[in-house]
Amino acid sequence: AQKVTQAQTEISVVEKEDVTLDCVYETRDTTYYLFWYKQPPSGELVFLIRRNSFDEQNEISGRYSWNFQKSTSSFNFTITASQVVDSAVYFCALSDHEGGGSYIPTFGRGTSLIVHP
Amino acid sequence: NAGVTQTPKFRVLKTGQSMTLLCAQDMNHEYMYWYRQDPGMGLRLIHYSVGEGTTAKGEVPDGYNVSRLKKQNFLLGLESAAPSQTSVYFCASSYLNSNQPQHFGDGTRLSIL
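So the protein sequences, as listed, match chains G and A.
Here my numbering is used: position 81 in the first sequence is 81, and no number is missing along the way.
Heads up, my numbering is the position in the second sequence plus 1000, with the first residue counted as 1.
What the hints contain is simulated information worked out from the structure, not anything from laboratory work.
All C-beta atoms in this analysis are idealised placements derived from N, C-alpha and C, irrespective of residue type, glycine included.
Do not rely on the hints blindly, as some may be mistaken.
What the hints assert, rightly or not - Label pairs and their computed distance ranges (CB to CB):
id, chain 1, residue 1, chain 2, residue 2, range
1, G, GLN69, A, GLY1016, 47 to 53 Å
2, G, ALA81, A, THR1054, 31 to 37 Å
3, A, PHE1010, G, GLN69, 37 to 43 Å
4, G, PHE54, A, LEU1113, 26 to 32 Å
5, A, GLY1051, G, GLU44, 22 to 28 Å
6, G, SER73, A, GLN1017, 21 to 27 Å
7, G, PRO40, A, MET1041, 16 to 22 Å
8, A, MET1027, G, SER42, 46 to 52 Å
9, G, VAL84, A, MET1027, 47 to 53 Å
10, G, PRO117, A, GLN1072, 38 to 44 Å
11, A, GLN1017, G, THR78, 43 to 49 Å
12, A, PRO1061, G, VAL14, 25 to 31 Å
Make a model of the complete structure from these sequences and hints.
Here you go:
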């Protein structure tokens, strides 16, 4: 079973629409870390946010917001009033300690967001 | 400030050839990683290193070897390239441990014919 599931392979929206990217994770650790990364068409991977398992506060950064719910093991990402520049592949990642040793991140398969003008 | 630099950016190999991908970071990060990215598969961890002189296997280590002789460098080797290793390879580093954000290189596009 995947530790990080991004069920939406591709989402297509029109500019100014709001869009939510889903991320569901699986871990038995009580301490873990969640991340979102953006990969624009140019190919580089850019860090967006990190959340630890003890901080369930939602976060807003401009048009971006993240909703972390431990009860449903989800860490969803919402873009408000989407823009063409938001077109990218977005990855959710989990870093946990299962099996002992180091925290090693596991990535979801990514959601491709296409924003049409 | 270069961050994470991968060399080369593109390469075409024939089946059976060998090559080494170089990753260099200038942020004094302890942890370094090699991933491959294939369509629809996300990023899969090949090998990683928690410090100079140490390496460990990730999710898909077969056919690859790594070395971390210097803290700032992490080398990925393909001893006998196979078409299944055609992929985009990303190197990343993180400060102290993997609960810190990773900084990624720009990727190496590798084609095996």
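To see whether the hints hold, each was checked on the structure:
no.: 1; hint: G:GLN69 to A:GLY1016: 47 to 53 Å; in the structure: holds, 50 Å
no.: 2; hint: G:ALA81 to A:THR1054: 31 to 37 Å; in the structure: violated, 46 Å
no.: 3; hint: A:PHE1010 to G:GLN69: 37 to 43 Å; in the structure: holds, 42 Å
no.: 4; hint: G:PHE54 to A:LEU1113: 26 to 32 Å; in the structure: violated, 50 Å
no.: 5; hint: A:GLY1051 to G:GLU44: 22 to 28 Å; in the structure: holds, 26 Å
no.: 6; hint: G:SER73 to A:GLN1017: 21 to 27 Å; in the structure: violated, 44 Å
no.: 7; hint: G:PRO40 to A:MET1041: 16 to 22 Å; in the structure: holds, 19 Å
no.: 8; hint: A:MET1027 to G:SER42: 46 to 52 Å; in the structure: violated, 21 Å
no.: 9; hint: G:VAL84 to A:MET1027: 47 to 53 Å; in the structure: violated, 32 Å
no.: 10; hint: G:PRO117 to A:GLN1072: 38 to 44 Å; in the structure: holds, 43 Å
no.: 11; hint: A:GLN1017 to G:THR78: 43 to 49 Å; in the structure: holds, 46 Å
no.: 12; hint: A:PRO1061 to G:VAL14: 25 to 31 Å; in the structure: violated, 43 Å
Violation of the numbered hints given earlier is confined to hints 2, 4, 6, 8, 9, 12; the remaining hints are satisfied by the structure.
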